[in-house]
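Protein chains: 2
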Amino acid sequence: MTDRVITGTDLSRLRELNSLTVVRALRDQPPATVTELAKLTGLSRPAVDVIAQGLVTGGWATIVEPGASSVVGRPARRYRFRATAGYVIGVDVGGHKILALLADLDGNVEHTARRAVAPDADPAERLAALDQVLASCLRASGKTAEDIWAVTVGVTGPVDASGKTTLFTPLPGWQTVDVAAHLSDRFTCPVVVENDCKLAALAERWQGTARDANDIVFLLAGMRTGAGLIIDGILRRGYGGAAGEIGALKAVRWLAAPSHLEHCPGVPATVNPDDAAAWVFNAARDGNRDARTAVLRYVKDLAVGTAALVLALDPQMVVFGGGFSRSADLVLDPLRRELQKLCLRVPDVRASTLGADSVALGALRLALNEVDQRLFTVGLSAPVAPRRD
Amino acid sequence: MTDRVITGTDLSRLRELNSLTVVRALRDQPPATVTELAKLTGLSRPAVDVIAQGLVTGGWATIVEPGASSVVGRPARRYRFRATAGYVIGVDVGGHKILALLADLDGNVEHTARRAVAPDADPAERLAALDQVLASCLRASGKTAEDIWAVTVGVTGPVDASGKTTLFTPLPGWQTVDVAAHLSDRFTCPVVVENDCKLAALAERWQGTARDANDIVFLLAGMRTGAGLIIDGILRRGYGGAAGEIGALKAVRWLAAPSHLEHCPGVPATVNPDDAAAWVFNAARDGNRDARTAVLRYVKDLAVGTAALVLALDPQMVVFGGGFSRSADLVLDPLRRELQKLCLRVPDVRASTLGADSVALGALRLALNEVDQRLFTVGLSAPVAPRRD
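Quick note, the sequences are listed as chains A and B, same order. Okay, so the first sequence: first residue is 195 according to the numbering used here, each after it adds one. Okay, so the second sequence: first residue is 195 according to the numbering used here, each after it adds one.
Note that these hints are calculated values from the structure, not bench results.
Any copy, or any two copies together, can satisfy a pair, since identical chains are not distinguished.
In silico SDA-like cross-links for lysine to any residue, where the CA-CA straight-line distance does not exceed 20 Å:
#1 K535 - L361
#2 K535 - R447
#3 K291 - V311
#4 K337 - Q326
#5 K444 - R491
#6 K291 - T306
#7 K535 - G434
#8 K494 - A445
Every value quoted in this text rests on a predicted model; they were computed, and no experiment measured them.
All chains, please: the whole structure from these sequences, using the hints.
Below you can see the structure in the form of structure tokens.
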């Protein structure tokens, strides 16, 4: 329609955008040739060739030399995203344990550190345990804090804009604890705090049973029931970080649901309250009538809050996760039947495949998202750990 | 970092993108000079000058010649988006009325047509009334169907991917009615069908009380209660189009809520059931004790479902809309008090400012979105009505 004056600034910006385009293509792919990258990015082969060499020099990519091959002609070299340019840590600060995962920029876990913590531990004890877990994680993997590009810490309770659980948390004394501030003398990179249910939902979509879904209601089911919501492919936090807290509403029965298990007749006095639910699920599996009734009553109550979320959001999928997901064999069918009665359209109902590590794994994913967001919005610079703003 | 080979295809694409950038800037702005457009778009003045003239020739922009001015030097001409290049229609097919609005591409309403319809009208009657309203709307505004770039029809009940309300609708016989197909011999442009609560939510964010919010729970409150959800600035339909239907769950009490008004002691036998609620609200305003109790009971039930949505989504704002919003003076304060008891964080609670036209207005907005989406993704062509794919 018109002629266009191309300026020097336009060209330099175009060059940076094209480099980012190639990095992004490398990031999502197995090692790729220049020809493959040109096809993926829509850039010309000569342009990709020059960019890829620049990315190797800059530390963003490595060359995978072709092996011996029977193909006629010289096989092409491939480029691979240099996932070991940096590392991220995801931590789950739970009631009973602290679990940390350290991974490279592709999310490959290089080390796992775990430590039990008493449910009634005060904040100082819990933070000391966190420090020990992080220190052992770095030490065992031969990394220093400077190698870490992002840390995400999962906690129980809605996390507000200040990274604290001021509205509510079952961790004793934890309401005003500022984990990010606590870790700021150890790490210079961004430290993000997030709610455990939300992180477990992220993990389930990343590596779990919800990989093929964009609209997910994730249930973190245990002696407490929480939810994480992914809508149109994005984890939703809500305006104040408190999305998914529907369990606080008495009418939807999540507060009452686990008490059917806790107070099931026949639970031996020797079983401590934290293990009562596991005992009931096992007994139900063995045909114990009281246990089966308790499980069905649990599911009936669980279904009310789940139906509220399903009717509100009309998701593609409900994922039953958290500690109770080990007993999904007893829960899924009756849950589907209850939802059939209560909902207009029943989504796919599945069991989590990630088990007890899902919160730490989701924390890892959020840390990687943080890295990618900086990488693809701030613009391409040398691959070093970012500093907090 | 690297040199970049610029190809002919790149340049032509860049030119089209730049034209679109200027159209988009014009679309969101009062008339602007080339200098202003250059600043807004980041393009150079000479480039914008050429593009703007091209847009005038192409029919996308008009020139606003400067008036007499005391400023030294010749004042600059301004360019304005040519909003009359096309028109859109938004329709509300309700239980009691059909309302159509015809507007230009800036959303300026040029004509409003309204027609009462019996609540028990069968689909053929209701469709005939719709045809009459649309015909009178076109006739009165001197337009033909070819001038219309998009039509959106609002209906009651969740709208599925086929544009039908197969899951549920209170309109008699309407479950399998295909409004889009019915209108396809009259209009060649895209015809979209959408749920009334969702459209009213869109309208409230466009021209109503929620203009400054991105996370909104909108309540369409009347003898039925529905919800429309805007999350991160986007209307959410859900996987199957049934988001917001939480009212179907008995436990959250929306099904029961209006019955407190309908069955309030003292409603005269001469008042028909559809007007009973209005009578009760008026009586409550006049101090009638039974009526005040009925209103409080209504609000108490309304608050349960509202709290479920607030706890699930943690919105910035709850908007009380629909027919009952005329009585917001009696509802808002007790609603806030109930939410205070039930929620972790109480959002801003406001009354709708749009009243009975909100559904049709939201339909207009969705039609404009449809136009913009084609405009800014398909690429710039001559300004004529798009045809359905």
